[in-house]
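Trainee: Listed below are the residues making up each chain.
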Amino acid sequence: MDSIAALMGGFAIALTPTNLGLAFLGCLIGTAIGVLPGIGPMNAIALLLPFCFALKLPPESALILLAAVYYGSGYGGRITAILLNMPGEPAAAITTLDGHPLAKQGRGAAALAVSGIGSFVGATLSVVLMTFLSVPLARIAVGFSPADYVALIVFALSLLGAVAPGNAVKAWAAGCFGILLALVGIDSGTGVERLTFGSIELLGGIDFTVLAIGLFAIGEVLLLLETRLRATAAALGHGERLSLKELLACVPAMVRATGIGFVIGVLPGAGASVAAALSYTTERRIADRAGTFGKGDLRGVASPETADNAAQIGNLVPMLSLGIPGSGTTAVLLGALLMYSITPGPLLFTQRPEVAWGLIASMYVGNVMLLVLNLPLVGLFARLLTVPAWVLYPGVIALSYAGVYAVSNSPFDLLLATAFGALGYVLRKLDVPLVPIILGFVLGRLLEDNLRRALSLSDGDVLALFASIPSLLLWACTLAALVFPLIRRKV
Amino acid sequence: MRAQADRVLGGALVALAAGVVWHAQSLEVAFAADPVGPKAFPTVVALAMGACGILLLLRAGTVWEKAERVLPGLAAAAAMAAYALLLAPLGFITASALLCLVIALAFSATILQAVVTSLVTAPLLWLLLDRVLDLPLPAGPLGF
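Here the protein sequences line up with chains A and C, keeping their order.
Those letters in the first sequence? Residues 7 to 497, per the working numbering, in order.
Those letters in the second sequence? Residues 9 to 152, per the working numbering, in order.
Derived by calculation from the structure, the hints in this document are not laboratory data.
There are no misleading hints in this set.
In silico SDA-like links for lysine to any residue, alpha-carbon gap of 20 Å or less:
| # | chain 1 | residue 1 | chain 2 | residue 2 |
| --- | --- | --- | --- | --- |
| 1 | A | Lys435 | C | Leu63 |
| 2 | C | Lys74 | A | Glu232 |
| 3 | C | Lys47 | C | Gly27 |
| 4 | C | Lys47 | A | Leu187 |
| 5 | C | Lys47 | A | Ser464 |
| 6 | C | Lys74 | A | Arg434 |
| 7 | C | Lys47 | A | Glu199 |
| 8 | C | Lys47 | A | Asp467 |
| 9 | A | Lys435 | C | Val16 |
| 10 | C | Lys47 | A | Arg459 |
| 11 | A | Lys435 | C | Arg67 |
| 12 | A | Lys435 | A | Asn173 |
| 13 | A | Lys62 | C | Asp142 |
| 14 | C | Lys74 | A | Val432 |
| 15 | A | Lys435 | C | Ala83 |
| 16 | A | Lys435 | C | Gly19 |
| 17 | A | Lys110 | A | Gly300 |
| 18 | A | Lys435 | C | Arg77 |
| 19 | A | Lys62 | A | Ser416 |
| 20 | C | Lys47 | A | Gly466 |
| 21 | A | Lys62 | C | Val140 |
| 22 | C | Lys47 | A | Ser194 |
| 23 | C | Lys47 | A | Gly197 |
| 24 | A | Lys435 | C | Leu65 |
| 25 | C | Lys47 | A | Gly211 |
| 26 | C | Lys47 | A | Leu452 |
| 27 | A | Lys435 | C | Arg15 |
| 28 | A | Lys251 | A | Arg262 |
Listing some non-contacts, in silico: residues in chain C with all C-beta distances to chain A over 10 Å:
| # | residue |
| --- | --- |
| 29 | Ala23 |
| 30 | Ala26 |
| 31 | Gly99 |
| 32 | Thr102 |
| 33 | Arg139 |
| 34 | Ala147 |
| 35 | Gly148 |
Here a beta-carbon is modelled for each residue, glycine too, at the ideal position from N, C-alpha and C.
Isolated chain A, as found in the complex:
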């Protein structure tokens, strides 16, 4: 019952005119970003983050805006997937399987409607689950000692390898690199300069926005430049509209997909793409009696889209309750909170309830906005696909640099962002995942602080790291997460 009272407090925050407006703006941007292939929620949040900070938005308002972009993108990706046979964001890849055949049969509008409703159902049911599960989960972690936190963070980082199939070693290397980037600057414990190469500009450390914009906005555009974009959008189609009977036939699929999506989302490491794929294959096994899946079955659109949005919300649960992000985008959100000197984790719900509950309440409102925006305006969003690259990307780049400049007013940071952009491009070409760099960067200082605290408490005895039951369990899981990808690769 405390959850309900706390949620009401959250609504008092989320329903202020500023926060409502920001949620609406975030939903609009999120859907648009989801539609555009090549720009995902991570790029958009990286772009917006410096402005939130420079405009001195309070943390709960910034989080409401950025999170709306995040879950809004789950609504946009399907539009491109259905009309273009090309996922607007990675998690929408599965939606193309049945979505595009439907569009070719002239039922694009029906597919868009059912996927929009599915997105809403998945997201909203997951927000309800999140409302009741976050605090109990946080309560488990309240008793965590610094040593337990060390084990938890190492576990989260080790999982990166399990998520990148065939690429575990590169994911871990990228995670280590991210941690090292976080250590650049003056060491808070002793005042010693580390990894600064004698540069005065690096004394204060690398700014999170510089890294995020460099890797995810500038690097992405450099990568887009080397291939020609070829795309022709299928028409919306004037075929039969979605009937109530068809929609009701999709309801069981949506409920199952919500369950699968939310669970996958809460587990650290596995993201929305995994959830969408798993949900689709499960649904096909259960419900595909006539063999219509893959040829344009509405349930084949509803299932992955619902799971995608449910997983996105589920991803936020460990980020808020434990302070451990489960995906790249939630890592960027965590980085945003850290910039505001707020450390998510078990104490967030009691110490900064306006941030935690304001966000949760705003997601109820935001998803209603997204449903209302997406059903009638789907054609308008689809028209974004006709904006040529040479109009869009110069603006994206100029906005990226303006954002970096707005935070630091330093030409050095502009150069650093360019360097990270070039690095991001090279690493993408080498098939090195970039998300671990962000995760390592965000978690690196937390890991070192907790490690040093734990070893101070034990007077330098390393065995103290393995002294409690939660830490032993987490270390065992870490070992499994490290060994499993290495063995699987050899088979």
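Take the given structure of chain A and dock chain C to it, following the hints.
Mentor: Chain C only, in chain A's frame:
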């Protein structure tokens, strides 16, 4: 040769790790605030990264996909680096217009399209950021 991309990456990781370890060992701590100090953590992380590098050295690597077009990317990267240096002396609108011009051309716009794009985008962004959102941007010699 191109299939050696992972070996190059592995070698770079090992070299970087060695550099970090060497750097960490050279840190002089005046007083011991905690039993760990600033050296141990970067050393351990760098060793882990070096181990990943060695694993990459041991296996046949990814093929480095050749870019379909090389020049646009280089031009864009050069324009971005130039932007960092020219923003303060030229002012936001001029510098951004030049940057947008190059990026638009890199995305295969015609000259006219690129000029129009840059002449619209840069002042619009300035209006939004400087006037509406009140984030001070550098003014050039012309005052904007």
